[in-house]
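Asker: Residues per chain, in single letters:
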Amino acid sequence: MGVGGGATALTACGIDDNLYFTPVETILPYVVRPEAVTPGTPTLFATTVVTGADAWPVLAVHREGRVINVMANRQTPLAAAVPAAALLELQRHYSPDRFAGPLDAGATTTWDAAIPKLASAVAKARAEGKKVAWLGGYRSGTIVGLIQSMTGGEAVFFEGLGRDAEAAAAELVFGSPALPRYDLMGAHYVLSFGADFLGGAWGGAGTQSQYAMARSANHGNFVARFALVSPHKGQTGARADDWYAAAAGSEAHVALAVAKLVAEKKGVASAFAGWLAGADVAAAAAASGLSEAAIAEIAEHFATLPSAVALPGGVAGSSAGATALAAATYVLNLVTATPAFSAGGYPGPISTLARLEALVADLKAGSVGVLLVDDGCDLVSLLPSEFGLAEAIRAAGASFSFSSHPSATQAACQVTLPISDAFEDWGDEEVVSGLWLVRQPSGAPVRDTRSLGDILLATWRALDPAGAPAGNWHERVRAAWIAAAGEMAPTTTEDAVVADAEPTGPTPAQLRWWESTLAAGFVAMPSYVSARPLTPREGQITLPAAPSGDLALHVYAQPFRRDGRYANSPWAQETPDPMTGQVWGSFVLVHPATAAKLGVGDNDLLTLATDKGSLDVGVEVHPFVREDTVALALGDGHTGAGRYADGTGVNVAALLGAQRDGSGCLAWQGARVRATAKGAKADLVSTFGSDDHLGRGWAEVVAASAWAPVGDAAAAHPGDLVGRHGLPMDVRLQKAGIEDFYELPEHPVYRFGLTIDTDACTGCGACAIACYAENNLPVVGKVKAKQGREMGWIRVNRYITDGDVHFVPLMCQQCGHAPCESVCPVLATYHTLDGLNAMIYNRCVGTRYCANACPYGARRFNYHTYLWPEPLNLQLNPDVVARTMGVMEKCTFCVQRIRRVKDAYRDRGFNNRVPDAALRKLTACADACPSDAITFGNLNDEASVPASSRKSGRNYIPIPEIRTFPAVNYLARASFHHAPAAHGAGHGEGHGDGHGEGHGDHHPTEAGGAEPPAHH
Amino acid sequence: MASNDAIYGYDPRDPAAPNRPTTYGQVNRDIIRPLLRPTALWLLAMAIVVGMMVWGGFAWYQQITMGMGVAGITHPVMWGVYIVTFVFWIGIGHAGTLISAILFLVYSRWRTGVYRASEAMTVFAVMTALLFPVLHLGRCWQAYWFFPYPNQRQLWMNFKSPLMWDVFAISTYFTVSAVFFYVGLVPDIAIFRDHSKGLIRKVYGAMALGWHGTDRQWHHYMAAYGFFAAFAAPLVLSVHSVVSWDFAMAPTAGWHSTIFPPYFVAGAIFSGCAMVISLLMPMTYLFKWEPYVNLWHFENLAKMCLLTSGILTYAYGMEYFIAWYSQNPYEWAIFSWRATGDYAWAFWLMVFCNCVAPLVWYSKKMRTNPWSLFIVAAIINVGMWLERFNIVISSTAHNFDPQTWALYSPTWVEVGVLIGSAGWFGTWFLLFCKTFPAVAITEIKEMVAPPVKGAGH
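Going line by line, the protein sequences match chains A and B. Quick note: the first sequence uses my numbering, first residue -16, plus one each step. Quick note: the second sequence uses my numbering, first residue 229, plus one each step.
Careful: at least some of the hints might be erroneous.
These stretches of chain B come out as covered by chain A in the derived footprint (C-beta under 8 Å, 3 or more residues) [what the hints assert, rightly or not]: (1) 303 to 314; (2) 369 to 380; (3) 384 to 390; (4) 470 to 482; (5) 626 to 639.
Read the hints as simulated data drawn from the structure, not as lab findings. We put the beta carbon where it would ideally sit given N, CA and C, even for glycine.
Isolated chain B, as found in the complex (with noise of 0.2 Å):
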């Protein structure tokens, strides 16, 4: 753990730091060093996700040419592991989107280093998550009839069903996490733009819309930054609701209750946070940014984790008591059978995952020990997408008529899909990586010591 110390060891907010970048020039070096020279670990890293991709695809076309029935779902279990993942990655997206909107509004420090990266995490996890909703129908090619485009069949869409919220929810959380993002990496791809030369140059020129820091603009971008900030900020909580609905809009026992809501959006925020912490860990390390990312944010993290988490419990916990409470013979069906059934695994582990393994967290040493911090992370993840399957899969295979009642295992196409979802989002991920600075610098500047006195950025 020592030689870890030496890379993390240091809180930024104390100037005798040993680490602490002293100028705006080394500010810029550090952090674009990284960019636009693909190294041996970055190629190798490319060639596994896009190879998942691929496999992905594959397994894709075999579900467009024969069906469905390559996939697992079965009657009465009719939402798979796509929907499950699905909500997982909605999740993930929303840590992004608190991080840069609602903590950027509150002032709090923490935020700069992480908040670049966690937004790229936001668009390209809503990126992932959209291929679910297309990916699961059992006509895909028919999936532009969600949209609400004139047509002589006088053909319309129906606003009462919460899939069609979804995609009024998604599209807008999309857009404008999409824009908030570009709205933030336009100075850095100034300075991007400023330190290239030739076609790459022309480039990030054309994408930097002619940015070139001066007061005025400044001033107009604050006030379009503050703005996209409130305006992304209430989509954090509205998103996830939305989403909640898919489920609790449904008579199904397990899914219909009004708990839903904030009990997804805090699983959301849970999930996202952790994966925050799995994503810029390996990078910090990698990518040497340990002056600008550090323990101190992913101790914030931990905490932010911590305390969602407790909400988590209490959530799960109060499903429990309401359907022991409300006398209703099918919530405490469903869910005695989710704690002692077919799925009692997926449960459980569900529970150590998000009740159980962050509570090491409490411990001061735990949080600021890397590998506590990303293994715990990782721990998070897993049962964050157990939670949705949990959800997903055990109301429907015990539904109201016994009869009907059978289980649901995925097949390797679906497992191929998740797959290949896992590498649509790394090879954004890395992409993004290397074509734009994954830590903000216009932003750490503002935390390093001017370099002439009264001078502005």
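Bound conformation, chain A alone (with noise of 0.2 Å):
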């Protein structure tokens, strides 16, 4: 591991802008070669990102000069993954919109002018008696300490998508605001009120990982049943095994009604008397429009089922009853005393949104001297303008923003100062109490950035040269972390013969610990391991009136624009909106049933109007949502944010008033809505074709009460498949007892092939976003998209089956017997003896007659070739060759990675065989996976995944019949409907089928199997 930046501006080759047509190189050989790069070998960074309300330890690869992507973390105690986010975040570390330098009041202006720009500002206002504050999102570690040292001890750290809710409601249940700890791993049971946990906004991808394991048998004798309660159920709802859609606002209702009813079971009601004082069941049915036997139900389940755990409402639980919701679970988890849940969460400092408005209050009254707004979320743009923010930040003396990409905010202050981001800076991150991620940077800043800590203290040396403390932004994090540190970065004799230590400095032992800690990316405190009880005060939850009116505007946070920080990542615009394959734009969802009463269809321009104002959204028919529910996204609908998020969806904002919760924190929910048709198409582009996969066997169902006992072990066979269709095996070649009637192709060595578990996959895109990254894949934009040629050589398949959502992530299949390499004339697609079906691109004419063969449609064709905008181009993997126009492309397994790693082991002497834990997570998609749901290895290997997850009863192969013999298995999704015989598994009835009319209501089934299944 490499400390840092310096190596980088030694760059070894410029590349030009035009990347395809005339190639300008200038070469200039190192003149002290630096000791960490080797040229064409990456050198891997442990750091930290930010991906707002939460941190993500990554391991940044580092390529000549540049990062060029992030790979899981394997070291630290959180799970192995690199969420969607943390590739959207490198996508924001090049983006062509980015701050060149400092600004003043819009012009390009110095960082020797800008910072006693700064300092004169503080030193005025501070003259004048007047505040600085602080706004900004969540920051934790040592960056606290500056901000505070700077604003006098305030600062508003405050989220969009944040859980002030939840510290709240810890507030009030345990006298802290710190949060609660989650431990999903054990739970048998997860309820839901709206929190998407499962590579949302919410949880990061910790919780993800942690479901994923509670979901998997294999990891125990149970399969977690997951229930949300939530009039929608979005990309993590679609996950769950039980849906109540319950009205939206009532959640908080429910949850109380359930805990009563639990208290009740469990024997423990009147040690929480007074928190379960407020709870209904029956006024909670009445609310929320679900049956008192569904509220029952969930109890049943809760009380039963060993390990139960309940999560709040994250976005969606943010109505009226945001507060109240939050401690109703946290009661609902104290009155289990589940393991799962318990002290040391996220310690803070977590502002409420009663924080802000007082900010804004204190702007607005001019008391407030000069305002410092972070980086990170556009407040402005996010939050509805009756709050304020802009007109507050305007009425500021001075106000300067730390926002390296122009936003409705920056545009707000007069001077921008743009900050380094998470792969230029160091810092550190507490992310679960005790549990501190360190960052350090892992290139040059590609723009003229600086660190947030290093413009601090250079503004405070500017105040007060004489009590500004020493040295820069590195060495304070650094000295920090030495003396946190105590015993675990011991001073040795040694140290004290070293002549050039400095007599103040660190020593050499010490700095050699604090290099073990940023290769390893995090330092975890005796605080962090022992998991300690919480224990409830006295009170009671206040309930708010139950929600009534008729079209409620229900707003949630869509995985990959989020609170609106990605919206200018075109990853985060391409990438198909997991539920319903929109790309480029806002939609709303609408219940087929309230589409048919207002006349409206796919792609018809809706208006939603509400007393604070009105918009004009495309409809999406989507059958998750309540009727009396309409569901829009936040994040989208920018102006002046950058090329990719301008005009590009609507803003919901603008239909909300400042909408507050019983305890000031922030409501997202609780608007109603009138919707009239505006009898006008709009500009809605969806990646799906039919929602159905028509019983051909491209999402399976196997019991989950007959897979629990016995995992996937081959000796096992956890039940049939539920509901196979497809044809039944040629005789001829049942009589043989023979594969096929044509030789499969020999692999000697490897035969490399993948995993992936339908029951762990949850739809995050993280695959398909790390896919972009590391292969090179070019983004084409709305209007291509909307031509049906956007470039994923992963689509994250969705099908709909009895209101069951599946998500099949589907690539090239790197079949034995490839339709696609009998046909190419050219030979530009062919079998490797390791199984692939590589890809020569160079060689490849562009007949496309590969793609028609293929009958999985896993094949891409560049029908232009694609530029990157400066300096986006920068993160393009030297490994990979960017294709040009006219060439077909596809997933070849990440073949670049298999040839370092089958290097590597070849130059180690390892028998000329890479082991299989050096293949499980080569490729990008199976590295990002925050499910485990993607695993590679060698299928000749009989102890890998891939080998030995054949064996198991999950197993399949969509389309089987075709006699491809691909080497991607799936693992079918274990159901808590089915019954574990092959009975009973009617194909449910297609939804908004874009091209209409009936496919075949033909399906032969094999002997025993279900009816065939009728369909419209």
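Build the complex from these two chains, which are given one at a time in their own frames, with help from the hints.
Answerer: Right, here's the structure in full:
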């Protein structure tokens, strides 16, 4: 592991912006070759990216002076994963709209002018007795002290998709705003009131990974059951086994009623009498529209399943009862004394909306001399204008934005001091109490940005040359950690004899400890390891009035754009929305019955109006919202936020007023809208064809009750796949007892394969985006995406059967008998000895025959030569050629990584064979997957996951009748609603097939199979 | 209709027919008359087809510089109207070879009047068809990679690929058709040489290869002609079978079927005969060839169409029957979607054009009515293009994975290229009409009473 960006100044070559037509390279040899950099070999830097309310450890992949990718850091106690947001941070790093340097009133300025200006503004404010205020997202660690020393202690750390209601509820129930810690790994029952914990904005990749463990019978002989209480079933909710479509805003009532019933069952009702005082099952049923039986069912599961845990609401639950809901879930967890719920989650600081509103009031009153606004979420654009944030910022005596990206918030500030991001800066983050992630630069700054710490230190030095601490930001962070580490970084006698060591500086042993800490990327304090139970105070929960009104507006966070911070990332715009396949735009989800009532269909414009405002947005008819609710994602509809974000989608804030809950926390939910058909077409782009897989075996189901006791063990069979359709095997093959009439290709050493566990897959899109990053996939934009020309090599198929959502990531299946190989006239695609369907891009002439022959639709064609606006081109992986127009492309199991690992093991003399452990997470998709749903391996190695999982009863291969002998196998989703036998699997009606009309209602079934399903 | 009866209303087998050519000299004059003298109408037609070609060239230029994205093809429909039209023109070519080679071998007399034009149509149709495999390539500038040329990079082609079979099948077909066409032309070029002066005489003289019409030359000529006829005859069956394998060899539902070769060959002859009617009918009228090409020929062509229409109708029905009988859900889904889905209009229009409209020719009256012949032939041409459209587009649009389903529609670039290709065909055909006898002079003479008893040709 290297330690920093010093090497990057000596970049070996600069690449012209015009990558494709006339590449001009200036080759400058290294004068002194940096020790840590071998050209052609990546250097990995453990670092930490902040993705909103959450931070995540990753390894930044550094090549020849630039960060080209992020990989999972497998050393931290958190799960090894690269969530989609971490990849989006990487693309933000290279955003072409990132500021080139500091700006003053929109004009370019220099750091030498800007920092004295900041210092003098602070000095003036202090002299006038005015406040120096800080407004930004969640920050933790060393930087917080520096910020507070600048502002005199006060600072607003507020996130639009934050956890302020949970903090307020923690204050209410436990007397401290520190958040509780959830550990879903052992949970048998997860009851979510809307938190998007499987790849959404809530909980990050940690909860997703834990849930995957709880879900898999291979990790214990149970399959966690997931129940969702929410008016909308989104990407996370799609994984729910039971969806209780409670009316918007009634979740707190349900949670408390469930808590009461559970407490009664557990016989602890008296202990929680105060907290449960407001609980009323009948009232909750009336408010939510659920039956009392449904609420009783939830309580039954919660009380009887061994370890049940309730999760709060996140954005979906942030209604007028947001704090009440969070508190009710805490009570519910306390009632069962679940081990999955303990003290020591994110410790803060978390500011509630009330703190933000106090700042706004101060600003308007003129009592703030200097306002410092952090990088991150664009709060002016995100929050409803009734909060008056933009005017308040303009009312500040002086306002400085640290944003390095254009945004409405940044535009409201007078001076912009763009700061370095996670790949350019030092820092530390406390993600869970006692677990610190450290950050180090993994490349030189892409633009003329500076570290926030250095800016603040320079300002401090300008204000108080004598009192300011010495050293730069890096030294401050290091010194803070060496001091905090204490005995972890011991001083040895050897230090005394090292003449180079400064008398006041860290000792060599301490430096070694610090370097090893940087290499690992984290520090775990003793407080992290011990789980401490939480004890409630006395108190009670005040439920808000039951919601009423006609059409509720449900606001949710799209998993890629989130709070809008990634809206200017082309990957976030072009990765299909997991539930609808929509790209590049906003859409309102309308229940089919409501759509019929309103007289609208897919892609019709609908006018949504409240007394705060109105907007026109295209309709996506969607079965997973309540009939009395429409759902619209936030984070879109920007102006002045960059070329990709501007004008894409609509901003839901236009419909909202200043909505707060009972304890002054932000409430996204609660608005009622009037919807009227506009009578015009919208411009929505969906990449999805038919919703129903028509019984073609793309998505399969096993009974959870059969899988749970045995796991995927080869010897045991967890029951047949439910409702298997397809053609019977050729009788001649059956008689001969052979696999196929034709010999399969020989694979003497490796036959690389992937296993995809559709039960673990949450549709979070991390694999798809990781593939974009690793394989230089171009982004085509809205117009071309509308023509169906998006380039993703991994298509996360979403099928709906029986109201169940199945996510099936589909990439090239690397078939043994590949239809694509035999039809290519120029041998541009061929079968390797490793079992890959290799692509020779510069041999391809573009007949596209291979794509027509491919039964999986896995091949993508370059209709044009796509360019990467500078400096997005710096992210390109030098190991993978960027394709030009007229060439077919597809997944090759990251053959460049295979090549690298094979070379590495050959050089180390490992008998020419790469061990399974080095293969499991080799491909970019497998490495990224936070749910551990994708595993790579050698099918010739019986111990590998792809080989052993093929013996599992959950194993299936889509459309096996085509007899392509693919290298990818899938594991069926577990269902609690199917009996273990191979019966009773009617395939549900299709939903909103864009192409209309009836497809074959003629599905033959195998003996003993289900009746032929009827399709519309 | 009375005037048309005057033009076409005779059977050449009837010695008392009014317009019957009487002497070799009249034959020469009648057929050579239109040559090398551009009329205003011809110039206008030429201007139109050249204009079409220029427009097509512009469209292709757009596609080369901007990429295939300017065409409408998209995932999962990776072949669009280029391949549709490729198969269409290849099919058109087949009737020419059928008429000139197979009918020659079976001594079918009515072949004489129409074979030259049919053969020219074959050569030009294949030339037009050959445009498309190049046009549709993502990187057309690499098209030479299809050929087995020696190179130091040790690059070779994939002989397993049906497209590679296409390369050889079609290049063989083109070579044989062109040679056969030229061999048939030699005696006529000699006549033309004898009737011309100056530079033109020199050019035709060189092309006539020293033909003097001696017995010895005729002896060798007839042997060679018979040989080429026999050589070309199996190509009628093989080439379109190979083209059908472009589809049948892929596992795509709706393509992967053993019925494809005979079904494609029948369709090719069907469309080709209709195209011969469409082309010769106006030429006969314009060039006043009624003594040589007339309703007798057209009626026979119509009968060919009737036969092949019946075969096609059977094949269409059999595709549905097998899709149902095999219980293959993917097949059945494709075929039911073809008839009921987004492209149902194309399917039912195809059924009307190819199965229903030709039925009117079962009536002798309709079969011998020039307007009925001309209109129904045009309908068949449309229908056969649609047949290929149905095959190429619908199978890929609704492939195995329902999540990928999408629709295709051509863009102005594709339409422009199609127009250009029609212009390309038209240009060649019009040039041919003015430079070579479009009716075989020597063979027509065989049907005229010899001027001197016992004399040869």
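Asker: A separate judgement is required for each hint: does it hold in the structure or not?
Answerer: To see whether the hints hold, each was checked on the structure:
no., hint, verdict
1, 303 to 314, "holds (count 4)"
2, 369 to 380, "holds (count 4)"
3, 384 to 390, "holds (count 6)"
4, 470 to 482, "holds (count 5)"
5, 626 to 639, "holds (count 10)"
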